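Protein chains: 2
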Amino acid sequence: MNPEPFLHLDRVIHEKGRLAIMSMLAASAELSFTELRNALNMTDGNLTTHIRTLQESGYVSVTKSYAKNRRLTTCSLTAAGKKAFTSYVSLLEQIVQQNKPR
Amino acid sequence: MNPEPFLHLDRVIHEKGRLAIMSMLAASAELSFTELRNALNMTDGNLTTHIRTLQESGYVSVTKSYAKNRRLTTCSLTAAGKKAFTSYVSLLEQIVQQNKPR
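These protein sequence lines map, in sequence, to chains Y and L.
Going by my numbering, the first residue of the first sequence is number 812, and it counts up by one from there.
Going by my numbering, the first residue of the second sequence is number 812, and it counts up by one from there.
Treat the hints with caution; some may be incorrect.
Since the list gives no way to pick out one identical chain from another, each pair is judged satisfied if it fits inside one copy or across any two copies.
[To be verified] Below, simulated SDA-like cross-link-like pairs (lysine to any residue); rule was C-alpha separation at most 20 Å, straight line:
| id | residue 1 | residue 2 |
| --- | --- | --- |
| 1 | 894 | 911 |
| 2 | 879 | 815 |
| 3 | 911 | 866 |
| 4 | 911 | 840 |
| 5 | 911 | 844 |
| 6 | 875 | 826 |
| 7 | 894 | 884 |
| 8 | 893 | 813 |
| 9 | 911 | 841 |
| 10 | 894 | 876 |
| 11 | 893 | 911 |
| 12 | 911 | 896 |
| 13 | 879 | 851 |
| 14 | 827 | 851 |
| 15 | 893 | 814 |
| 16 | 894 | 883 |
| 17 | 911 | 821 |
| 18 | 875 | 858 |
| 19 | 879 | 820 |
| 20 | 893 | 866 |
| 21 | 879 | 910 |
| 22 | 911 | 820 |
| 23 | 911 | 852 |
Rather than coming from a laboratory, the hints here were simulated on the basis of the structure.
Only a predicted model underlies this, so the values are computations on that prediction, with no experimental measurement involved.
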């Protein structure tokens with residue numbers, strides 16, 4: 812068993828709420844706060860905290876605008892976020908391969 | 812993107828130190844505390860805390876004995892630990908599959 816992949820797992824992405832958010836965003840150009848919250852069944856507070864952490868790490872960019880007199884918050888992965896997520900998924904894949912029954 | 816796998820990731824196993832420990836133990840019948848600590852480059856305190864959490868969750872059993880006048884602590888997965896780890900790896904695999912470039 813090679814412990815190397817574990818040591819490199821990005822702590823920011825590895826938290827399961829943030830992993831879910833990053834995966835959702837990796838699959839779309841952008842998603843609104845409401846779409847993320849509903850898909851992941853998170854509270855506003857929980858999602859806000861995770862998005863802030865991802866923003867501070869430079870992985871997610873947040874745009875606030877108005878549409879039909881309502882505030883619209885949209886999130887998308889930055890280039891750094893895409894790169895970090897790709898590396899993370901590749902480490903997960905190594906871990907899965909190591910642990911699959913032979 | 813199906814958020815289902817994320818919601819079911821076992822928090823006890825998902826922490827990356829514990830994930831490394833569980834993976835090591837899944838690959839061996841048993842390992843000594845020292846073998847785990849050296850392979851994973853953890854401090855005694857860190858490894859002790861993780862092992863305790865895994866023990867309290869019923870995933871790891873710990874045996875203390877004496878060999879050549881030295882205390883020997885060995886760890887192994889319980890049946891529940893093996894089952895939980897297999898489920899966890901299978902969820903990781905789903906996440907990897909969902910996120911692989913098409």
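Hints, verified against the model:
no., hint, result
1, 894 / 911, "between (26 Å within a copy, 13 Å between copies)"
2, 879 / 815, "neither (50 Å within a copy, 32 Å between copies)"
3, 911 / 866, "neither (34 Å within a copy, 23 Å between copies)"
4, 911 / 840, "between (33 Å within a copy, 16 Å between copies)"
5, 911 / 844, "neither (36 Å within a copy, 24 Å between copies)"
6, 875 / 826, "neither (25 Å within a copy, 33 Å between copies)"
7, 894 / 884, "neither (23 Å within a copy, 41 Å between copies)"
8, 893 / 813, "between (26 Å within a copy, 19 Å between copies)"
9, 911 / 841, "between (34 Å within a copy, 18 Å between copies)"
10, 894 / 876, "neither (27 Å within a copy, 47 Å between copies)"
11, 893 / 911, "between (27 Å within a copy, 12 Å between copies)"
12, 911 / 896, "between (22 Å within a copy, 11 Å between copies)"
13, 879 / 851, "neither (25 Å within a copy, 54 Å between copies)"
14, 827 / 851, "within (11 Å within a copy, 22 Å between copies)"
15, 893 / 814, "between (24 Å within a copy, 18 Å between copies)"
16, 894 / 883, "neither (26 Å within a copy, 44 Å between copies)"
17, 911 / 821, "between (22 Å within a copy, 18 Å between copies)"
18, 875 / 858, "within (15 Å within a copy, 44 Å between copies)"
19, 879 / 820, "neither (41 Å within a copy, 38 Å between copies)"
20, 893 / 866, "within (13 Å within a copy, 37 Å between copies)"
21, 879 / 910, "neither (50 Å within a copy, 34 Å between copies)"
22, 911 / 820, "both (19 Å within a copy, 17 Å between copies)"
23, 911 / 852, "neither (30 Å within a copy, 24 Å between copies)"
The structure shown violates the earlier hints numbered 2, 3, 5, 6, 7, 10, 13, 16, 19, 21 and 23.
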